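Number of protein chains: 2
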Amino acid sequence: MAAFFITSALALAGSAVAQLEGRGFPDCGNGPLKNNTVCDTTADPLTRATALINAFTLQEKLNNTGSTSPGVPRLGLRAYTWWQEALHGVADSPGVNFSDSGPFRYATSFPQPILMGAAFDDDLIRDVATVISTEARAFNNDDRAGLDFWTPNINPFKDSRWGRGQETPGEDPYHLSSYVAALIEGLQGDRNDKYKRLVATCKHFVAYDLENWNGNYRYQFDAQVNQQDLVEYYMPAFQQCARDSNVGAFMCSYNALNGVPTCADPWLLQTILREKWNWTSEQQWVTSDCDSIQNVYLPHEYGSSREEAVALSLKAGTDIDCGTYYQEHLPGAYEQGLINVTDLDTALIRQYSSLVRLGYFDGDAVPYRSLAWDDVNTPHAQQLAHKAAVEGITLLKNDGLLPLPISNGTSIALIGPWANATEQMLGNYDGIPPYFHSPLYAAQQTGATVNYAAGPGTLDPTTNSWLNVWAAANKSDIIVFAGGIDNSVEAEEMDRVTIAWSAPQLDMIGQLATYGKPVIVLQMGAGQLDSTPLINNANVSALLWGGYPGQDGGVALFDIITGKSAPAGRLPTTQYPARYTSQVPMTDMTLRPNSTTGSPGRTYMWYNEVPVFEFGYGLHYTNFTASIETPSSPSSYSYSNSNSNSASSASYDISTLTTTCTTPYPDLCPFTTFPITITNTGTTESDYVALGFLAGTHGPAPRPNKRLVSYQRLHNLTAGESQTAHLNLTLGSLARVDEMGNKVLYPGEYALLVDTQPLAMVNFTLGGEEKVLDEWPQPPADRVKFPRAKDQYFVGGYGSEQVLE
Amino acid sequence: MAAFFITSALALAGSAVAQLEGRGFPDCGNGPLKNNTVCDTTADPLTRATALINAFTLQEKLNNTGSTSPGVPRLGLRAYTWWQEALHGVADSPGVNFSDSGPFRYATSFPQPILMGAAFDDDLIRDVATVISTEARAFNNDDRAGLDFWTPNINPFKDSRWGRGQETPGEDPYHLSSYVAALIEGLQGDRNDKYKRLVATCKHFVAYDLENWNGNYRYQFDAQVNQQDLVEYYMPAFQQCARDSNVGAFMCSYNALNGVPTCADPWLLQTILREKWNWTSEQQWVTSDCDSIQNVYLPHEYGSSREEAVALSLKAGTDIDCGTYYQEHLPGAYEQGLINVTDLDTALIRQYSSLVRLGYFDGDAVPYRSLAWDDVNTPHAQQLAHKAAVEGITLLKNDGLLPLPISNGTSIALIGPWANATEQMLGNYDGIPPYFHSPLYAAQQTGATVNYAAGPGTLDPTTNSWLNVWAAANKSDIIVFAGGIDNSVEAEEMDRVTIAWSAPQLDMIGQLATYGKPVIVLQMGAGQLDSTPLINNANVSALLWGGYPGQDGGVALFDIITGKSAPAGRLPTTQYPARYTSQVPMTDMTLRPNSTTGSPGRTYMWYNEVPVFEFGYGLHYTNFTASIETPSSPSSYSYSNSNSNSASSASYDISTLTTTCTTPYPDLCPFTTFPITITNTGTTESDYVALGFLAGTHGPAPRPNKRLVSYQRLHNLTAGESQTAHLNLTLGSLARVDEMGNKVLYPGEYALLVDTQPLAMVNFTLGGEEKVLDEWPQPPADRVKFPRAKDQYFVGGYGSEQVLE
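Each protein sequence line maps, in turn, to chains A and B. Numbering of the first sequence is given in full-length UniProt numbering, commencing with residue 1 and proceeding in unit increments. Numbering of the second sequence is given in full-length UniProt numbering, commencing with residue 1 and proceeding in unit increments.
Bear in mind the hints are in silico, worked out from the structure with no lab data behind them. Note that the structure is a prediction, hence the values are computed from the model and not measured. Quick reminder that beta carbons are idealized off the backbone N, C-alpha and C, glycines included. Worth double-checking, as some hints may not be accurate.
[Stated by the list, open to error] Label pairs and their in silico Cβ distance ranges: (1) A:GLY516 x B:VAL341: 26 to 32 angstroms; (2) B:ASP345 x A:ASN608: 53 to 59 angstroms; (3) B:GLU335 x A:GLY516: 15 to 21 angstroms; (4) A:ALA538 x B:VAL341: 56 to 62 angstroms; (5) B:ALA538 x A:TRP373: 55 to 61 angstroms; (6) A:PHE786 x B:THR724: 53 to 59 angstroms; (7) B:ALA538 x A:ASN30: 54 to 60 angstroms.
[Stated by the list, open to error] Covered by chain B, according to a simulated footprint, are these stretches of chain A (three or more residues, beta-carbon under 8 angstroms): (8) 205-217; (9) 320-334; (10) 500-506.
[Claimed, not checked] Just so you have them, the derived chain A footprint on chain B, three or more residues with Cβ under 8 angstroms: (11) 202-216; (12) 290-298; (13) 313-326.
Could you put together the complete structure from these sequences and hints?
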């Protein structure tokens with residue numbers, strides 16, 4: 001019988017491929033489903049989906065467990081591809097079909113999240129995500145895309161070497177949470193709307209931030225994370241997605257967590273995700289990463305057979321398999337009694353109630369059905385792609401050269417591997433943009449004479465390729481070097497091995513700096529590079545970090561250079577000295593410094609040495625001052641403003657704070673909002689990002705250096721103008737996480753610092769007894785970790801000896 | 001003045017590019033040089049080259065120091081490109097120009113050296129190299145290539161992770177030396193001929209075998225090697241090249257050795273290479289790697305300025321800079337008095353006397369001038385490319401399935417990422433072959449029905465791509481899986497991070513093994529993979545290792561499978577268990593096991609655990625026995641043959657052995673030749689490689705497990721036939737290397753073992769006092785190591801803390 005199931009499943013799964021062209025909407029008007037409750041728009045999604053799945057045969061259920069879902073032709077249920085991508089615009093992916101010509105041949109391509117993260121502007125992110133969901137709906141209406149998208153990647157960018165850090169907004173868990181809340185709103189729409197705009201997918205759950213470091217591949221890596229780091233650092237953005245932003249989907253990750261592959265972990269997918277975080281709507285589902293169910297079997301070697309591996313995954317709560325491993329091996333698992341029909345129904349009802357909620361069965365009743373090609377690449381979208389790049393670009397060094405107006409008579413040497421960047425500007429998970437406005441294009445638009453030379457990074461690996469660089473520099477007034485890294489060294493399946501600038505680039509910049517001409521360096525790419533040599537070189541006048549700036553990236557960079565726009569981006573990750581990579585193996589998941597291992601700690605919160613540039617660093621073309629006004633207060637408020645830019649002596653009682661709040665989640669209880677008056681004391685109009693960091697002596701040592709608890713970007717402060725940023729703090733902002741993963745309010749001293757080198761500060765104290773705000777469910781003691789003795793075929797690399805928790 | 005030099009040099013160097021099209025021979029009949037002694041064919045090369053260089057101006061001398069040499073148009077001396085490649089056939093490289101159509105559109109492409117190494121057949125290597133030099137001369141005569149080629153790569157393949165191990169014949173220094181001697185004969189011709197066929201280039205001198213491991217790039221790596229390991233392991237092949245095979249050129253490497261970049265190391269390039277090894281002909285030169293002179297400055301930070309870096313390199317003995325760093329910065333170095341004209345003359349005279357010896361100035365007097373397109377891709381060359389692949393392919397497992405004759409009625413499922421390999425078969429440093437005979441092509445030639453499926457490794461990363469694999473397997477009689485690794489994971493600038501089979505491939509093979517059909521696995525690529533799971537799987541009947549088999553690789557593989565040819569290749573490297581990469585960092589250059597670091601030792605000589613397959617392993621389709629006959633003897637010979645396959649009780653006196661020999665190099669003194677009678681006791685005609693290993697208790701502990709001292713491949717032993725292999729041993733075969741690097745003959749017990757699981761053995765003893773055969777010049781105590789305090793921008797990776805010697 002097992003052979004029968006396998007053969008049949010394969011045959012049907014294979015036929016799904018041929019049906020992909022016919023993707024679209026089921027016909028509830030005249031099709032076979034018209035009398036099925038799934039077509040009853042007055043019923044709730046659960047009821048509708050349940051009716052649909054009840055009409056499936058067992059074989060049809062088994063067949064529809066993969067990302068390429070054949071549907072049920074017998075019922076008029078068309079094939080559906082679950083795998084769409086839209087990381088920074090509708091992107092090439094199995095479910096997305098760009099046209100070769102005419103309508104739908106491109107979509108707006110925004111900067112990579114790492115650069116949008118640097119904007120620290122949640123409104124911007126919401127606007128960008130709204131454009132993406134609008135364009136995705138237009139593609140869907142033309143039968144060119146599905147309705148669920150496997151974005152965002154919201155794993156914290158903890159280690160500069162990570163090849164996929166570019167997909168994330170940065171290293172800080174509060175920042176990620178705030179960013180992702182805005183993003184999900186833009187992608188999915190208002191949670192109370194009858195129809196979701198799209199389904200977003202928070203990935204990769206959880207503790208995934210390694211591609212291939214020294215013998216450790218993401219497919220087999222067993223991340224050892226203690227509960228404190230897990231709750232404090234790796235989980236917050238996912239809690240935001242599930243508990244607070246009602247995201248439609250999750251993706252489990254390739255790695256194992258403390259001995260259990262995440263896609264086969266019931267503690268993670270049931271106890272935490274669905275129970276602890278109340279992510280219990282049937283419209284919500286978990287997909288595997290591609291092909292992480294196969295990886296549960298090999299190389300994780302979790303489950304003694306392929307059938308057991310798929311059964312463990314399905315029962316743990318992974319509803320969709322990106323791949324065919326479910327379709328191939330669930331029939332055998334069923335045959336062996338390892339799963340039952342209810343297990344299949346649970347997964348399928350989640351899938352299809354999600355589609356119901358997207359209006360998949362409701363035809364033109366769905367308002368988004370009117371979106372079309374005219375709604376793609378609108379002037380608004382183009383402007384927003386430009387704005388997002390401008391807002392993220394971060395000024396790291398400026399000796400006064402910038403802004404540098406460029407007139408028609410000026411000649412610019414534009415040099416380096418990013419000088420004529422086109423696809424490079426997009427980073428990964430890209431679509432097809434309407435245009436590539438490269439730095440070279442942008443420089444030429446200024447009216448200047450541009451002498452372009454690619455320099456190192458071209459196909460010729462020798463210094464022969466440098467000769468045209470000297471020629472370009474010799475005949476130019478200004479030298480702009482655009483380099484750094486790109487997807488040739490940081491990419492999916494490719495972590496970096498160093499965070500130093502490449503020697504040829506440094507040598508070339510060093511030589512260019514001897515020409516006696518202004519030199520501007522553009523440091524591109526997501527992972528930071530140790531720019532110490534450029535800081536120390538007095539002849540390098542300015543350094544800008546530009547990430548992956550998207551379709552209009554070159555224009556954005558030159559708008560900053562010329563002063564058409566003022567820089568106000570902030571580094572979303574720490575720039576470490578190059579030696580950092582020799583101090584911490586990528587496999588070390590701990591955040592706190594460790595004198596035994598020699599780790600100096602991870603992220604600006606725990607790193608105990610001097611960074612090259614700290615998290616949040618960013619210069620302006622003007623100066624700002626800050627003063628803290630009387631905050632709106634909780635009931636226990638008592639506060640006195642001691643001077644213009646420092647406030648102190650407020651004190652609060654912990655039990656009062658916690659008993660006066662009645663939200664279901666105490667960490668969301670408001671604490672207070674600090675109004676910060678920001679004044680532009682210079683002469684250049686500029687945005688300003690108010691970053692609120694919390695520091696102070698509260699809770700047990702070791703204590704973080706500080707931690708971001710609130711931020712707000714203010715726009716267009718003209719010379720002399722003041723605006724007020726409102727930094728909201730909740731009780732969760734004040735809480736720390738104990739070794740068990742519980743969130744605890746501790747009595748002690750607190751200080752809110754405005755900006756990295758604080759422009760203002762307010763001190764306050766909490767008194768009374770410490771109080772657990774949120775209790776963390778511990779992994780069960782009898783949790784099964786690698787039930788088979790792991791073979792040695794896939795051992796981890798040097799320095800990666802694993803100690804089970 | 002410095003500015004003048006720099007500008008002028010750049011202008012002329014730039015103009016070299018335009019002259020490249022006109023490469024060819026100087027006109028000694030009517031050109032401006034006709035009365036220069038360089039055109040006097042009766043003068044010796046040194047005199048001729050000196051006359052030429054004396055005619056150069058200073059500026060012209062400075063301009064001709066790079067690999068793209070502009071020549072001297074004023075003198076009718078045409079531009080010359082020094083950079084040609086011919087690793088396994090005339091290859092794409094700056095100095096080689098394939099035609100788009102018509103003649104010279106391809107050249108014979110042999111297997112990668114790693115597979116040719118597995119043949120253990122020096123005659124084969126000489127033949128292959130002769131074809132390469134013949135084809136290269138034909139290209140040269142059509143003005144499509146120069147006359148010097150930057151091959152061979154003769155660094156020992158010590159670590160399976162090394163991305164360029166494919167370019168070498170294997171891990172054993174004796175094997176490499178013997179191989180390279182044959183290769184250089186084929187490439188350069190008889191050393192007494194008036195005209196060299198080509199100039200070969202032994203690279204990379206020395207201790208270069210790391211691309212980018214965990215923060216360590218080849219460009220910056222400082223290899224810490226003690227003198228014992230250096231002489232015993234890293235140097236022998238280079239000594240063979242320089243001292244014994246009179247190779248025309250050397251290439252210094254990217255790495256530093258014990259604190260000094262090799263291209264700037266006078267101890268290495270002068271004391272060892274030129275003085276110790278008598279490599280003193282002016283026709284011999286050293287080129288930098290590309291662009292290792294730039295790397296001397298950055299990232300090595302050796303030399304306080306660019307001018308000092310180039311001066312140190314030139315004065316150390318690097319005659320040609322691959323790149324433009326010499327051309328750019330030697331003018332400044334000259335201006336600052338860091339080099340003088342004599343330094344330039346030395347380098348230039350070496351270059352041009354080399355060209356004189358190649359007949360560059362002698363027109364049609366050179367016999368090779370008649371070689372033409374008809375001499376490329378001859379039937380002999382095609383057969384040799386096929387033969388080289390057949391001889392190298394190594395049988396690792398066979399349950400009796402092979403040989404498997406394939407008839408017209410048979411159906412074969414040919415599955416995996418190598419099943420339809422074309423370019424993959426060539427590996428790196430490839431040219432354009434006349435054809436790609438893929439495994440798929442070869443399978444189809446058998447007359448069988450071939451069901452092909454690429455499986456994992458295709459663009460679709462998910463198990464969706466597996467579906468056609470099951471379909472192919474279902475309808476076939478035999479399953480052949482062709483996979484492993486290729487240049488996507490082992491390549492220049494890319495070391496591997498694991499030596500395990502990829503999980504998707506293992507999973508797929510495992511599933512295929514459940515079909516109840518014969519399964520044959522082809523393990524392709526250079527670096528060994530831990531094939532333990534395939535050995536342990538009883539349903540995998542056969543395992544063949546095929547390396548990179550070249551243009552006819554598919555046919556060679558199927559000739560072995562079907563029994564048209566019998567396998568006799570031997571593994572040229574150890575196949576380690578996957579855990580090995582977690583036991584030894586790539587940066588660890590030591591060979592001996594180390595209980596402190598946990599290293600189990602490197603290579604079959606020192607590894608103290610159980611390998612998956614040992615160096616020299618290889619199965620046959622028949623059985624062989626060996627017996628040792630009375631050897632030819634040195635004067636001190638006394639020997640008695642105790643039984644048919646074991647000989648013992650010979651004893652020799654060390655002082656007699658050393659005093660009766662008068663060769664200039666005592667390690668080359670003959671010791672004895674052991675005649676080994678090999679008998680094919682089976683029914684299948686087959687080659688047999690007689691490997692002679694030396695073991696025994698002589699010299700201080702720790703002692704190597706054994707070491708290869710001689711080998712010979714016997715051909716076409718028919719059923720029952722006996723042939724005699726002659727295993728020659730010299731005094732150097734018996735010597736060990738002490739901690740100072742001296743070669744020493746020690747009294748003690750010796751055993752010569754025939755084959756890895758010995759078929760025969762002979763014991764003998766050496767008596768008397770230990771005797772230093774060869775004294776090693778120590779690096780000077782005042783050697784300058786990194787005169788600048790190294791910056792931290794380029795620190796090495798985790799676990800790579802360097803301790804200077």
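Here's how the hints hold up against the structure:
{"no.": "1", "hint": "A:GLY516 x B:VAL341: 26 to 32 angstroms", "verdict": "holds (31 angstroms)"}
{"no.": "2", "hint": "B:ASP345 x A:ASN608: 53 to 59 angstroms", "verdict": "holds (57 angstroms)"}
{"no.": "3", "hint": "B:GLU335 x A:GLY516: 15 to 21 angstroms", "verdict": "holds (19 angstroms)"}
{"no.": "4", "hint": "A:ALA538 x B:VAL341: 56 to 62 angstroms", "verdict": "violated (36 angstroms)"}
{"no.": "5", "hint": "B:ALA538 x A:TRP373: 55 to 61 angstroms", "verdict": "holds (59 angstroms)"}
{"no.": "6", "hint": "A:PHE786 x B:THR724: 53 to 59 angstroms", "verdict": "holds (55 angstroms)"}
{"no.": "7", "hint": "B:ALA538 x A:ASN30: 54 to 60 angstroms", "verdict": "holds (57 angstroms)"}
{"no.": "8", "hint": "205-217", "verdict": "holds (count 6)"}
{"no.": "9", "hint": "320-334", "verdict": "holds (count 5)"}
{"no.": "10", "hint": "500-506", "verdict": "holds (count 5)"}
{"no.": "11", "hint": "202-216", "verdict": "holds (count 5)"}
{"no.": "12", "hint": "290-298", "verdict": "holds (count 6)"}
{"no.": "13", "hint": "313-326", "verdict": "holds (count 4)"}
Of the numbered hints listed earlier, the single one contradicted by the structure is hint 4.
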